[in-house]
Amino acid sequence: MNVVLAIVAMILFPGGLFVMVGSLAYEYVDRKLIARFQNRVGPRWFQPLADLVKLLVKEEIVPAGVNRGLFIWLPVAALAAAFTAALYIPMAGLAPTWGYRGDLVVTVYLLMMMTLCIGLAGANTMDRFSIVGSTRALTQLFSYEAPFLLALLGPAIAAGTWRISEVNGYARESMWMIVTQPLGFLVALIGLMGKLELPPFDAPEAETEIVSGALTEYSGRGLAFFRLGRDVELLVGLTLISAFYLGGLANPLQFVLKTIALLFITAALQSLFARLRIDQTVGLWWRAGAMLALVQLLILIGLKTLGVHL
Amino acid sequence: MSTEMTLGGMTELLKPWTVASRPVSDTRLEVVTTAADIVPAVGALKSVQWGFLSAITGLDLSAPAQAAGTAANPDPGGSARNGGGFEVLYHFCRGPSVLTFRVKLPRDTPTVPTLSAVVPSALIYEKELAETFGVTIEGIPDRRRQFLSDDWPTNLYPMRKDFSPGSAEGIAQAAPVAAAALERRGTPGTFIVPIGPQHPALKEPGHFELTVDGEIVTHAAIRLGYVHRGIEKGAEDRSWIHNIYLMERICGICSHIHSTAYVLGVEKLAGTVVPPRAQAIRTIFAEMERVHSHLLWLGVAAHEAGFDTLFMYSWRDRETIMDLLEEISGNRVNYSVNLLGGVKYDIDAKGADSLRRGMDFLEKRTRHYLKIVTNDESFLRRTRGVGNITFEQANILGTVGPTARASGVSRDLRVEAPYMAYADFPVKTVLDTRCDLEARFVVRINELFESYRLIRAILEKLPPGDLAAASPRRVPEGEVISRVEAPRGELFYFIRSSGGVKPDRVKVRTPSLCNWAAVLSVAVGHKLADIPMIMVGIDPCFSCNDRSITVRRRGGDECWSWEELRRYGISYYGGEA
Amino acid sequence: MLNDVFASLFKRPFTELYPYATHPAPARLRGKLLWDESKCKGCMLCVKDCPARAIEIDVADRAAKKYVFHYHIDRCIYCAQCVASCKENALSMSSELYHLASTDKRKFTEVYRGVGKGACVEEAGSEGEAP
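Protein chains in written order, with the working numbering: chain G, 70 to 379; chain A, 98 to 674; chain H, 31 to 161.
Worth flagging that the hints you see were computed from the coordinates, not collected in a lab.
Built from N, CA and C at the ideal position, the CB exists for glycine as well.
Treat the hints with care, since some could be wrong.
[Stated by the list, open to error] So these bits of chain A aren't anywhere near chain H, every CB distance computed over 12 Å: (1) Ala117; (2) Val129; (3) Ser261; (4) Gln295; (5) Pro573; (6) Gly596.
[Stated by the list, open to error] Output of the computed footprint for chain A on chain G, the stretches with three or more beta carbons under 8 Å from beta carbons of chain A: (7) 106-119; (8) 264-273; (9) 277-285; (10) 343-355.
[Said to hold, decoys possible] Here are the simulated SDA-like cross-link-like pairs (lysine to any residue), alpha carbons at most 25 Å apart as the crow flies: (11) A:Lys201 / A:Gly181; (12) H:Lys41 / A:Trp412; (13) A:Lys441 / H:Lys71; (14) A:Lys599 / H:Ile87; (15) H:Lys41 / H:Thr52; (16) A:Lys300 / G:Gly111; (17) A:Lys447 / A:Gly562; (18) H:Lys117 / A:Gly368; (19) A:Lys447 / H:Pro56; (20) H:Lys96 / H:Arg143; (21) A:Lys461 / H:Ala37; (22) A:Lys461 / H:Phe36; (23) A:Lys624 / G:Gly352; (24) A:Lys447 / H:Glu126; (25) G:Lys127 / A:Ile667; (26) H:Lys41 / A:Ser451; (27) A:Lys468 / H:Ser125; (28) G:Lys101 / H:Leu47; (29) H:Lys78 / A:Gly596; (30) A:Lys441 / H:Ser125; (31) H:Lys117 / A:Gly597; (32) G:Lys101 / H:Phe36; (33) H:Lys41 / G:Leu331; (34) H:Lys96 / H:Asp66; (35) H:Lys78 / A:Ser261; (36) A:Lys441 / H:Ile103; (37) A:Lys365 / A:Asp563; (38) A:Lys441 / H:Lys96; (39) G:Lys101 / A:Arg413; (40) A:Lys558 / H:Arg58.
Using the sequences and the accompanying hints, generate a full structural model.
See below:
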């Protein structure tokens with residue numbers, strides 16, 4: 070891959086600018102859908118962009134007692150990880166920029182970086198609310214990460230490969246895996262919501278209990294990066310799940326339709342439930358989530374051994 | 098009710114500690130006792146489980162009494178002044194009956210022993226008395242300030258007659274309490290999560306110090322007084338008519354019931370007979386306010402649980418009742434319906450029609466919310482079995498209102514001591530015995546149905562007649578107690594007139610104050626995530642609680658530029674500006 | 031709950047795009063205070079009963095019943111006690127003039143000059159803008 074193309078990929082497409090604009094657009098759709106579910110008007114199309122710009126121009130206040138370097142660089146690391154993950158997935162329905170054997174594991178790892186950074190950022194701050202929020206974020210990380218990985222593993226096993234582009238290709242050829250592996254789909258989608266701390270799994274940043282959780286002391290640029298990173302992860306996560314479970318992404322039109330459909334379901338789930346307490350979240354994941362994922366895997370492996378082709 | 102439990106029976110029971118005893122009316126008994134005897138007297142009351150401590154009123158008797166002529170009045174209490182001492186009144190209520198202990202104290206060393214060993218809920222009222230009047234409470238278990246701010250000068254008592262809010266001398270000279278002297282709360286090694294005074298969970302400021310161990314709360318303490326506005330003191334400086342509007346603005350959600358309690362009390366003192374149509378209209382407004390308050394609470398409680406969709410839906414439907422209130426009275430909040438002697442606004446045929454349609458719509462929606470609250474799995478996980486206040490706890494801690502009724506304690510003044518039009522249009526008490534948060538939801542929603550029914554019933558048979566009767570500008574001398582059922586529970590007003598154009602004392606004891614003790618005792622052992630839900634379960638109204646004054650130091654511009662404010666903020670926290 | 035949430039997608043949003051879309055105010059709305067000079071007898075009950083001291087009346091000519099009515103828009107709490115106290119029904123509250131906010135303190139005092147047994151002439155203080 071020559072250097073020029075690599076730089077274009079990282080800055081313009083599919084990384085960098087494209088993913089940034091795309092994630093802001095998806096945040097808008099998400100917020101608008103939730104608003105309409107709640108019988109409100111909702112924001113206008115440029116609201117997420119306006120929020121981002123506003124945060125970027127505000128003064129960043131570094132609270133006393135924190136490790137300054139960590140405080141400044143953790144949001145950058147989180148955002149960088151999210152952007153990097155975008156390079157390995159079939160963004161916009163086109164082939165991933167880079168791929169190699171095992172890039173599925175790398176992508177999942179990169180997606181996990183965000184939560185890890187949030188947890189560290191919260192522990193770094195001396196504020197009570199940040200400490201409680203960081204504890205909850207890391208607890209939630211431990212509980213949903215394993216089932217989420219297992220759920221993404223299902224299609225990989227069915228396709229017989231660890232490479233995302235090959236799983237995508239396999240998904241395009243065979244029946245939609247939402248039909249053949251429904252349990253896996255459920256776990257993957259709910260896992261994505263847990264990873265992004267979307268309601269009802271937003272205990273780590275429960276506004277009415279711990280102000281803003283780990284991000285309480287963040288303002289200005291740091292907060293902007295964390296929020297943008299979360300939106301990018303939303304986009305990346307939706308792309309990944311629709312590529313795996315909704316019959317692969319062959320072209321930009323399929324990409325838009327399938328990811329928006331998933332976003333619609335996610336927005337509906339966000340509006341339907343009350344917030345789960347952290348112990349209820351962990352209980353749910355460690356019992357229901359992991360169990361379902363394991364059962365799905367066992368069924369899959371069993372069928373494969375028997376030679377049934379899905 | 099056995100004879101022992103009547104007021105007459107109480108006179109007998111309390112004989113050993115009584116200096117003088119006087120039945121003021123068939124529902125009120127006053128027992129004069131001494132500071133030394135108050136604890137055993139209350140103990141005797143508690144041993145037969147008669148009533149609960151509803152309020153403690155402090156009186157400064159040193160203002161000169163205005164000779165007001167001898168108008169016949171129902172409560173000629175307190176006219177024999179003892180030349181400038183203090184008087185502490187302890188009001189115990191049981192249903193419609195009120196038993197008041199009066200303790201006279203000398204001016205230079207006013208001291209009473211604490212009741213908190215016998216009556217745990219007394220602590221909150223005694224602290225208010227100590228801070229605002231300067232009465233020393235012996236044996237009080239903890240000395241932290243509760244209402245006045247920490248930098249309020251010591252030895253300066255706002256409710257004494259010799260303190261006037263305008264006088265700056267006392268305040269300017271009194272040195273502020275040094276920051277180091279402010280007591281450090283919590284012991285080292287404990288992890289304290291402060292909820293408030295600034296917190297997204299609180300719609301008004303209050304401070305809750307929760308000591309947590311992981312996610313479990315091990316200790317809870319409270320600090321109120323952040324929206325203290327000097328209302329009781331202000332009432333002594335304003336005419337009887339002006340005070341209607343002052344009392345109305347104690348709270349936005351319970352504004353009508355505050356002004357109603359006030360005007361009912363003043364009308365009793367003045368002997369005004371209010372026309373039945375006015376009483377009926379007041380009752381309709383009180384019920385409409387209850388509907389508004391409960392719908393608002395439903396939304397807020399849902400928001401605290403993270404259930405924003407229910408919050409949005411219930412507040413959308415709340416707009417219906419607000420529009421109705423605006424249509425009939427002219428304002429969505431602070432309806433200002435009451436006059437001394439009646440009401441200002443009539444409900445005409447068109448208004449009645451809109452009301453009926455509104456009630457039908459709201460009833461349909463409320464049924465839907467009842468289904469959600471009792472069936473939605475995720476919501477039930479946050480409310481079922483959470484925040485249990487047992488029947489005994491609710492009784493002993495003196496909880497009132499829907500909080501008490503959800504624990505099976507049947508306290509509802511509209512039923513026990515009907516006032517306004519409740520005698521002609523009776524209300525059914527809504528009780529639930531499950532004692533948890535879900536019960537509080539169910540009780541409030543069922544009260545909504547009762548309110549809809551009542552409004553329709555009154556509209557059906559609205560008595561004809563005048564809207565207001567004439568009311569004198571000088572209210573005859575006397576004392577009156579006015580108790581009404583606010584949406585949050587029993588609202589207690591003690592009004593004292595010395596025969597002039599301004600009241601001598603207006604004491605307001607709001608229902609939220611009664612319920613804090615229950616929250617604090619229940620909080621321990623619950624998870625941190627449940628605390629906002631438990632707090633919102635009692636439907637707290639901080640504006641109702643607080644009634645202090647802030648310190649305005651003499652000199653210095655009151656108007657700050659942004660730069661000055663920023664520099665002040667940085668230097669306050671010990672940084673370099 | 032599910033039905034509500036999906037049905038809401040197809041319903042018109044309940045929130046309004048104020049100020050581009052407004053709601054007509056009810057007839058009884060307590061907006062700005064209006065003084066009917068022809069009915070005023072100068073008894074000053076409104077001045078006495080106002081909880082916010084928002085009304086001041088100067089007597090320009092007692093015999094001709096000519097008064098100057100000063101109304102402080104910023105002090106008024108819109109309780110309508112003055113309307114109830116006035117036995118001549120000289121006071122009323124507008125249901126159209128309620129956009130009374132301003133960044134200029136001078137606009138908050140409305141002076142109505144009576145002409146004695148005639149129509150009321152308002153001074154150019156400020157007119158609350160009708161929506």
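These are the hints, each one checked on the structure:
| no. | hint | verdict |
| --- | --- | --- |
| 1 | Ala117 | 39 Å, holds |
| 2 | Val129 | 36 Å, holds |
| 3 | Ser261 | 18 Å, holds |
| 4 | Gln295 | 27 Å, holds |
| 5 | Pro573 | 20 Å, holds |
| 6 | Gly596 | 19 Å, holds |
| 7 | 106-119 | holds (count 4) |
| 8 | 264-273 | holds (count 4) |
| 9 | 277-285 | holds (count 4) |
| 10 | 343-355 | holds (count 7) |
| 11 | A:Lys201 / A:Gly181 | 10 Å, holds |
| 12 | H:Lys41 / A:Trp412 | 16 Å, holds |
| 13 | A:Lys441 / H:Lys71 | 22 Å, holds |
| 14 | A:Lys599 / H:Ile87 | 23 Å, holds |
| 15 | H:Lys41 / H:Thr52 | 19 Å, holds |
| 16 | A:Lys300 / G:Gly111 | 23 Å, holds |
| 17 | A:Lys447 / A:Gly562 | 18 Å, holds |
| 18 | H:Lys117 / A:Gly368 | 23 Å, holds |
| 19 | A:Lys447 / H:Pro56 | 12 Å, holds |
| 20 | H:Lys96 / H:Arg143 | 8 Å, holds |
| 21 | A:Lys461 / H:Ala37 | 16 Å, holds |
| 22 | A:Lys461 / H:Phe36 | 19 Å, holds |
| 23 | A:Lys624 / G:Gly352 | 15 Å, holds |
| 24 | A:Lys447 / H:Glu126 | 20 Å, holds |
| 25 | G:Lys127 / A:Ile667 | 18 Å, holds |
| 26 | H:Lys41 / A:Ser451 | 23 Å, holds |
| 27 | A:Lys468 / H:Ser125 | 40 Å, violated |
| 28 | G:Lys101 / H:Leu47 | 15 Å, holds |
| 29 | H:Lys78 / A:Gly596 | 19 Å, holds |
| 30 | A:Lys441 / H:Ser125 | 17 Å, holds |
| 31 | H:Lys117 / A:Gly597 | 23 Å, holds |
| 32 | G:Lys101 / H:Phe36 | 14 Å, holds |
| 33 | H:Lys41 / G:Leu331 | 22 Å, holds |
| 34 | H:Lys96 / H:Asp66 | 12 Å, holds |
| 35 | H:Lys78 / A:Ser261 | 22 Å, holds |
| 36 | A:Lys441 / H:Ile103 | 22 Å, holds |
| 37 | A:Lys365 / A:Asp563 | 19 Å, holds |
| 38 | A:Lys441 / H:Lys96 | 29 Å, violated |
| 39 | G:Lys101 / A:Arg413 | 18 Å, holds |
| 40 | A:Lys558 / H:Arg58 | 24 Å, holds |
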